[in-house]
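*Asks:* Chain residues, written in single-letter form:
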Amino acid sequence: MKILIKNGHVIDPINNLDEVRDILVEGSKISMVEKNINVDADKIIEAEGKIVMPGCVDMHVHLREPGREDKETICSATKAALHGGVTTLLAMPNTDPAIDSLENIKLLKDAIAKSAKANVFICAAITKFRQGKELVDVAGLKQDGAVAISDDGASVDSDELMLEALRSAQEAKIPVICHSEDKKLSDSGVVNLGFTSTRLGLKGISKESEYKRVARDIGLAEKTGAAIHIAHISCKESLDIIARAKKKGVKVTCETAPHYFTFNEEMVLGFDTNFKMNPPLRSKEDVAAIKEGLANGIIDVIASDHAPHTENEKEIEFERAEFGVTGLETELAVAITELIGAGILSWSKLIEKMAINPSRILGIDKGGLGIGKDADIAIVSPEKEWIAKKENFLSKSKNSSFINKTLRGFVEYTICQGKVNKWNS
Amino acid sequence: MTWIRKDLLGLEELNREELELILSTAESFKEVSSREIKKVPALRGKTVVNLFYEPSTRTRVSFEVAAKRLSADVINIATETSSVKKGETLIDTGKNIEALKADIIVMRHNASGAAAMLARNLNISVVNAGDGWHEHPTQALLDIFTLKEKLGRIEGLNVSIVGDIAHSRVARSNIWGLLKLGAKVTLCAPKILIPAAIEDMGVAVTNDIEEALAKADAVNVLRMQFERDGETAFPRQLEYFKQFGITAERLKKAKKNIIVMHPGPVNRGIEISSEVADGANSVILEQVTNGIAVRMAVLFLVAQAQDKLANITKDEPSLS
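Those sequence lines, one after another, are chains A and B.
According to the numbering used here, the stretch in the first sequence is residues 201 to 625, in order.
According to the numbering used here, the stretch in the second sequence is residues 2 to 321, in order.
So that you can see chain A by itself, here it is in the shape it has in the complex (with noise of 0.2 Å):
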């Protein structure tokens, strides 16, 4: 099977691309990239106008299956990942069973090896049943396939504990994912702590629950060497503290989600509980303060942290509702509406902090349309606006921020692994 997209505007930062070229795709891989391309293929698809870009790698997302598969399922997930321009994703080991064993493992890479429409790697657990309480094996995973570790959903209490396990990921290589919450700090908050959480009534999670725990976790991995990745930073004073860490040399990586570069804490002033997530959107010189940290570098990653929870965990009293939202079918577009937009960043920066970046970070061979690479592409109408309706979503879960909301830059195909996908809504 060849497919060959013509004259699109190929952005492949990698290779320091960043012109009109056809692309030809033979198999799962990219088999060429020049000016036109005559070869007879099988199906050409057009892209005159259009973005051709490597498919985004999320690496934040709850899969929810072993386990919850009325939330969500590799098969769904994934197929709501390739409606939003997503070919490769790492799955959160926050499942029941956790993924933090070698039978678990298994358990899980046969389920995704039976399911899943787009690449899917595995963030193993730090902690047995991510209690915090004993570590996992953490060598004898990275060799039967985690990429990464991580208690996400939690962060390991006991800094004894998280000294071992960044010693044992720094052996064995592999990068620890921090959920930076010291949950002594956020109580039983909901929202962020101030104006919003008094005027709505509601405890408050603070800002310090948040980069306290941040300064913890890069300060005992500078101790260790370990690489460590902070998730989902909110506020300005954990940015403060990662980009004097990485002054210092220590091997420190971040990411936000797209909530957090959008909305501030207002809007959970109608008690909406599609914008109740952890960590809670904060205030306006939070969002301007990610923005910056976008703009100037200091955030790597930008990652959806997808969430899917059923309406019946959703739609009830704010307080007792489950956090977190969907992500992974609208995170493209409104980093385009967003930041493009907005001119905080360029297309090739926008692709490094979506594609190039995770891959890094997680040793992952993916970022990139260089020849011989796995044909996971892309292809994005820029300007083209459309509306994020809820019956239109493909994940099995509805609960987005971004319902009803117009966004700019429409996913036309995605193409993983050589198979097309071409989307109309």
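Just so you know, the hints here were simulated from the structure itself, not pulled from any lab data.
One side of the interface only, derived from the structure: several residues of chain A facing chain B at Cβ under 10 Å:
id, residue
1, 394
2, 395
3, 397
4, 398
5, 402
6, 469
7, 471
8, 472
9, 515
As a list, the in silico EDC-like pairs of lysine to aspartate or glutamate whose alpha-carbon atoms are at most 20 Å apart:
id, chain 1, residue 1, chain 2, residue 2
10, A, 403, A, 382
11, B, 185, B, 156
12, B, 151, B, 279
13, B, 149, B, 19
14, B, 7, A, 472
15, A, 514, B, 89
16, B, 96, A, 513
17, A, 484, B, 201
18, A, 384, A, 437
19, A, 403, B, 201
20, A, 514, B, 93
Yeah, the Cβ is synthetic: ideal placement off N, Cα and C, and Gly gets one too.
Given chain A's structure and the hints, the job is docking chain B onto it.
*Replies:* Frame of chain A; chain B shown alone:
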């Protein structure tokens, strides 16, 4: 000015005209309670459901009396006797009540935002009778109504609110209502009971009770709850009374005609002395009486808005 809201969820979203409309409507309903036959037919044929997820006697009874004086049928649902304990969601409970063709749900709930959530999922009216720490709009309206009755105005008054502001829906609704009507509001409490960034609402904050009373035309004394599910509360009751209690001695230094309000039930000797609670400055029982008029006004206005909305839909040409 006409009332167009299907629900009353809080005072934050109301404008000055809407607040004044409720107060003037309440004024005309107040007279009903002094008649020999204390009833008007305004809500005849309407059904009001009191849905209470927290124990409450005074607010529930006040709403019940108000609805009955408007000739509505009233049904009381308390959590102990409903299927709530069987795990029914709030929306399902609400939809069942709607299916019974009730017209108004009056809800008390321990989760902030519960009334807003219910209201956006139902076509019938929802009146918030207190949601978590968020708002208790009819309590604030009756406080403001009483204040206006006593002092003739709200504009320019200095009103102090004393007590557990952090966990008080009464405080939040009072703050919004009073500020919108032009009063100056001062909050007084131990630091741990002042919620984050509350100054941004446009109020002054002090920890000094004498300062809070010095210029006040009225003081609203909140009920202190010392036991609160594992939360750090102010340590000792006696210590609180010593530092923040409203006593006759403290009132001597205040304006002579200072109005003393309390949403009840009163903890005598904890936040207020018996002498003050029963004294000449206290309007605590008048607040209870005025609560009926204010709640009659609210029930009447939301029911009227419902009828208007129904007529609009009826008048629209059918598309099918």
